[in-house]
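S.K.: Read left to right, the sequence shown gives residues 1 to 744 (my numbering).
Hints are computed from structural coordinates only; laboratory data are not their basis.
Hints may contain errors.
[Unchecked claim] Okay, derived cross-link-like pairs now, DSSO-like style, lysine-lysine, Cα gap no bigger than 27 Å in a straight line:
id	residue 1	residue 2
1	455	670
2	134	217
3	585	549
4	70	146
5	217	207
6	265	207
7	70	448
8	146	258
9	455	530
10	207	264
11	448	585
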Amino acid sequence: MKLNKPNNFKLSLLASLIVSNISISYAASTMDYELEVLKNVGQGTAISSDGSVIGGTYEISDQVYRSFIKKNGQDIDISVLNNDGRDVYITGISDNGEVATGYFNDAQATESEAYVYNLVTGNVTIVGKDKSLKEVSALAVSGDGKTIVGLADQHAYRFSEVEGLSFLTNSNSGPSSANGINYDGSVIVGRALINNEAQAFKYTDAKGAVSLGSLRKNNDGSSAANAVSSNGLVTVGYSDDDNDEMHAFRHTDAEGMKDLGTLKKDNTGFSSASAVSHDGEFIVGSSWNEDDNQRGFVYVSSANKMFELSPLDKSLNGGESSAEAISDDGKVVAGYVETNNNETSAVLWKLHYSTGMTPLEPSKPVEPQKPVDPIDPPKPVDPVDPPKPVDPVDPQKPVDPIVPPDTGDRTQPSKPVDPIVPIDPREPTVPLVSDPIDINKTRQSINKMAENGYKILDLYQTALYNLAESRCQMGDSDHCVGLFTQYDDVHQNNRIATGLFGSFRFPAENWTMGGSLNLANHTNLVEGYKTSGNNQPGVGTWLRYQENKDNVGFSSEISAAFLQQGLEISRAAQYGTEAGKGNSKIKGYYASLTASYGIVLNEQTRVTPLAALKYHKVSRAGYTEQDNIDFPATYGRMGNENFDLQLGVDMNHQLTESVELDAGVGADIKLHHKRDAFTGLIQYVNDADSIYDRGDSQSVKPYAQVGVNYYITPNSTLRGNVGYQTTDYQNDGMQVGLSYSYHW
């Protein structure tokens, strides 16, 4: 079972393990390193088989500890545990992530109580409550979640709801502790007093507790087993060696106990193994490195090599790290690292690996046969002239000619065949170990991307509206062509597009039709976003009915617009996070049906009340980061779809013969709204989508605009306009336009 015991935590935490003559000797070689520097301490201590559920313990104030469980990157409410008032530790999680175990500890009363917590039902079971035990700690849970092991009043025990609590050693055998258990509960490992030595043991119902010995040649000295693989074949822990150093070990019944060495080149110093993958291929723990700093490691059994796991800040030479738990497939490691403020952060490492080849055994030479008595050879016949040799094809490597058989003396035995030279073995492929990822900061970087993404959507919504309202100033003429440019701005995002528009009047003079086309020639987007690919044109069109050419009386109009743009989106790297990059596309659709009625107030002024049904859809396509990073994020589609009722009033005033002013005010009232929230998924960091939503859109979105037409000649008009629109995501959209129209 993949599990960490709190072996490298803090003095107060070590003392809380209760069994002083077992646990203190276990952690003594690490005390000098970490005890004086850590204050607000937190670490991951247990993990489910697929890495989606992680548990651990953190310090909320000086020597006051609480536990946490995260599932798919999200915190699970475990207030039923944390509200107990005592220190709470989590030490094990079942393979499916549905059962957690640990213990409550009352440091002042020197009492502890083991628990089993069901994440599905929320039930908490107290272990051995009917046994009148004073000090009970649960240290591991089987993969199937049915069996708990630990120590009770300094004796190893196992517990199940069916069979209750039972001790693995007799009360006269001295202190013992059960630290690890395999998937089905049939194999338990730990530490017990055997022949007056505290040593690692493996327990089965058939054989009882059997000592695993030590790394010393005579098998004396101290050792402890911390975990066992799911299949029960590989046990890991630590042991004294012949140099009186504590080293991590790997034990199997077939090979015995093997020293894993340390991160030092000469394999001296301290190391201890905390957890093992389901098949024993990957082992994690902590070790001294070349600088005598404690660092987490992963040991690859097939490569016979230990690899260091980096802290968050590689320049922090004294920063420690420790690997505490590993997923079933060996790809995800949980633990803690020391940050540059002398605190710790729970982190994940991800491993990439491949399997090396094992060389073939060389063939043995063939034994020569015993010579037999020669028989008289037959009388030789005259040889036949051999055929003329054919010119050989050039071989890749010359082949020695075949020697014709000797017809003479055959009494000599054949020479033995030379053995086949074995193929040189390929070097085992070493794992590529990712830098640790700060989970909280990674989520913060995703949330920042979400916030900026909403601003991008609002920018293109504003640009879409501006494009749909771009009109060639035809007046009462029959044809019109022109140029226009538009500037759109939303909260540090802006866009300039330039294009052409035109319109014409049908033979039925009440009907006119027009269109517009533009290209963005400058776009400035917020951090993490920039345009990519070729500029693609935005297109708008409209069809209008008007009772009179001067827009007095009833008018009705249908309009539509479309635009799209490629995007390159980057997730900025922060301290302890990765920089991801991907490509997406943003699209916008718009359609409206407008009815208005122009009323003449005087010869210079016309007022036009209007009502419109408006539809728009603006969305950014989903994408996956593809920048060769260890934890790429996958993002779902985000956007909005709105159906609004627009109510407003326009006004036109002829200021002079050459200058006409116009203005409009109103609001879009929400009738129907659908939104795709920002979602981001990073495997092992948050295996369920991280959802970020700005909240519901405004029910009423006001707008205002003002414009001026300057008639250069009777057939040409220069127009400028400025507008404001509240956007769907509650940002302020600004529009500025400039156009030239020629009509006839």
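S.K.: Evaluate each hint against the coordinates.
M.R.: Here's how the hints hold up against the structure:
1. Restraint check for residue 455 and residue 670: the C-alpha separation of about 20 Å stays at or below 27 Å, so the hint holds.
2. Proposed proximity of residue 134 and residue 217 is contradicted: the alpha carbons are some 39 Å apart, above 27 Å.
3. Of the supplied pair hints, the one linking residue 585 and residue 549 is violated, its CA atoms being roughly 41 Å apart against a limit of 27 Å.
4. Of the pairs offered as hints, the one joining residue 70 and residue 146 holds, with about 21 Å between alpha carbons and a cut-off of 27 Å not exceeded.
5. A threshold of 27 Å between alpha carbons decides the hint, and for residue 217 with residue 207 the separation of about 24 Å falls inside it, so the pair holds.
6. Restraint check for residue 265 and residue 207: the C-alpha separation of about 39 Å exceeds 27 Å, so the hint is violated.
7. Between residue 70 and residue 448 the alpha-carbon distance is near 22 Å, which keeps this suggested pair within the 27 Å criterion.
8. Under the criterion of a C-alpha separation no larger than 27 Å, the hint pairing residue 146 with residue 258 is inconsistent with the structure, at around 31 Å.
9. Among the hinted pairs, residue 455 with residue 530 is consistent with the structure: their alpha-carbon atoms are about 13 Å apart, no more than 27 Å.
10. A threshold of 27 Å between alpha carbons decides the hint, and for residue 207 with residue 264 the separation of about 38 Å lies outside it, so the pair is violated.
11. At most 27 Å may separate the alpha-carbon atoms for a hinted pair to count; residue 448 and residue 585 meet this at roughly 19 Å.
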